[in-house]
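Top line first, the protein sequences correspond to chains A and B. In terms of this note's numbering, the first sequence opens at residue 1 and continues consecutively. In terms of this note's numbering, the second sequence opens at residue 116 and continues consecutively.
Since the hints were derived computationally from the structure, they do not count as laboratory data. Heads up, a few of these hints could be off.
Straight-line alpha carbon distances no greater than 30 Å define the calculated DSS-like cross-link-like pairs of lysine-lysine that follow [claimed, not checked]:
(1) A:K70 - A:K38
(2) B:K128 - A:K38
(3) B:K172 - A:K107
(4) B:K128 - A:K16
(5) A:K107 - B:K128
(6) B:K128 - A:K70
(7) B:K172 - A:K16
(8) A:K70 - A:K107
(9) A:K3 - A:K38
(10) A:K38 - A:K16
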Amino acid sequence: AQKVTQAQTEISVVEKEDVTLDCVYETRDTTYYLFWYKQPPSGELVFLIRRNSFDEQNEISGRYSWNFQKSTSSFNFTITASQVVDSAVYFCALTPNSGYSTLTFGKGTMLLVSP
Amino acid sequence: KAGVTQTPRYLIKTRGQQVTLSCSPISGHRSVSWYQQTPGQGLQFLFEYFSETQRNKGNFPGRFSGRQFSNSRSEMNVSTLELGDSALYLCASSPGQGANLNYGYTFGSGTRLTVV
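Just chain B, with the same shape it has in the complex:
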């Protein structure tokens, strides 16, 4: 069973640019969550998508957005990049509903974004 795939693994962007990160969940999983990890703030929840709908959103500015496609793949976008957006962005996959609602979250290896 393939795991959670995040692309790209590394990115270097300039302040003011925008970036799109991709996450392909485990086959059959319909929920995709995004987390930002920084040395100062630790792991923080960005948003969660289920069946192409955003179900939950963390406390991040509107520059951070996401979407989910019909095949459950998800993308997150950060516009007008700031130096503080430099972080490891992790995607988590889960079944998303029913008895396995909180069964567990399988994480990808992340995308390390550096803003210069």
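Only chain A is shown next, with the shape it has when bound in the complex:
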């Protein structure tokens, strides 16, 4: 069975602060994919990143960065210099790389960025 835990239910920061969203996962699969999605108030899940379990390199995309550590089963997401537009619910998700699979989501972290 797979499980994704996002221990932080809600985080509030002031604009320009850095913020890290935690994601810890459990899986028995040897290969898998990890994802981060953003859900603004409109409801649509917006894809942010996909990471293959073989690739432990950290990734940076603009103000976003991801730290994947297989040894601790964590895939954390950092927003640098947060902006009000970053306010949303962020979901971490997992799927095994075995045939056709489904996403297992964490409960999500609501990020509130105030001016």
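Based on these hints, arrange chain B on the given structure of chain A.
This is chain B only, laid out in the frame that chain A set:
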């Protein structure tokens, strides 16, 4: 490239009624998955269709069903609605096979169903 289209955006139904939701995937994508999102349970997988066949099913009662048409559009149906079925229903589109099997899932904006 058009995204994933879900209709309708909002629905209000009465307990005991049935409802049909529609999802049109990205052109060329053959896999459509459905997820239910509620405040209590979060995002839960309902089922996945590929080339008109259900490939995977989540742990939901038989009142929840779906189908996929030859043009990859999918519908999900909920019969005998209960108050607890009130949720945001999200549809996800993906290529569904080959090297892009787990490339990523593009979600629609969802259908918000309220059962009264």
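Between K172 (chain B) and K107 (chain A), is the straight-line Cα distance small enough, at 30 Å or below?
Distance of about 20 Å is within 30 Å: holds.
Holds or violated: K3 (chain A) and K38 (chain A), Cα atoms, limit 30 Å.
Holds, because 19 Å separates the two Cα atoms, which is no more than 30 Å.
Does K107 (chain A) lie within 30 Å of K70 (chain A) when you go C-alpha to C-alpha?
holds (21 Å)
Holds or violated: K38 (chain A) and K16 (chain A), Cα atoms, limit 30 Å.
holds (19 Å)
With the threshold set at 30 Å, check whether the alpha-carbon distance from K70 (chain A) to K38 (chain A) stays at or below it.
The given pair, whose Cα atoms are some 23 Å apart, holds under the 30 Å limit.
Agreement of K128 (chain B) and K38 (chain A) with the hint, judged by alpha carbon distance not exceeding 30 Å
Answer holds: K128 (chain B) to K38 (chain A) is near 29 Å, not above 30 Å.
Does K16 (chain A) sit within 30 Å of K128 (chain B), going by the straight-line distance between their CA atoms?
Answer violated: K128 (chain B) to K16 (chain A) is near 43 Å, above 30 Å.
For K107 (chain A) and K128 (chain B), compute the direct alpha-carbon distance and say whether it is at most 30 Å.
The hint holds at about 27 Å.
Next pair to validate is K172 (chain B) with K16 (chain A); report whether the Cα-Cα distance is within 30 Å.
violated (43 Å)
Checking one constraint from the list: CA of K128 (chain B) to CA of K70 (chain A), max 30 Å. Satisfied?
Judged against 30 Å, a Cα distance of about 45 Å means the pair is violated.
Hint violations for this structure: numbers 4, 6 and 7, all remaining hints satisfied.
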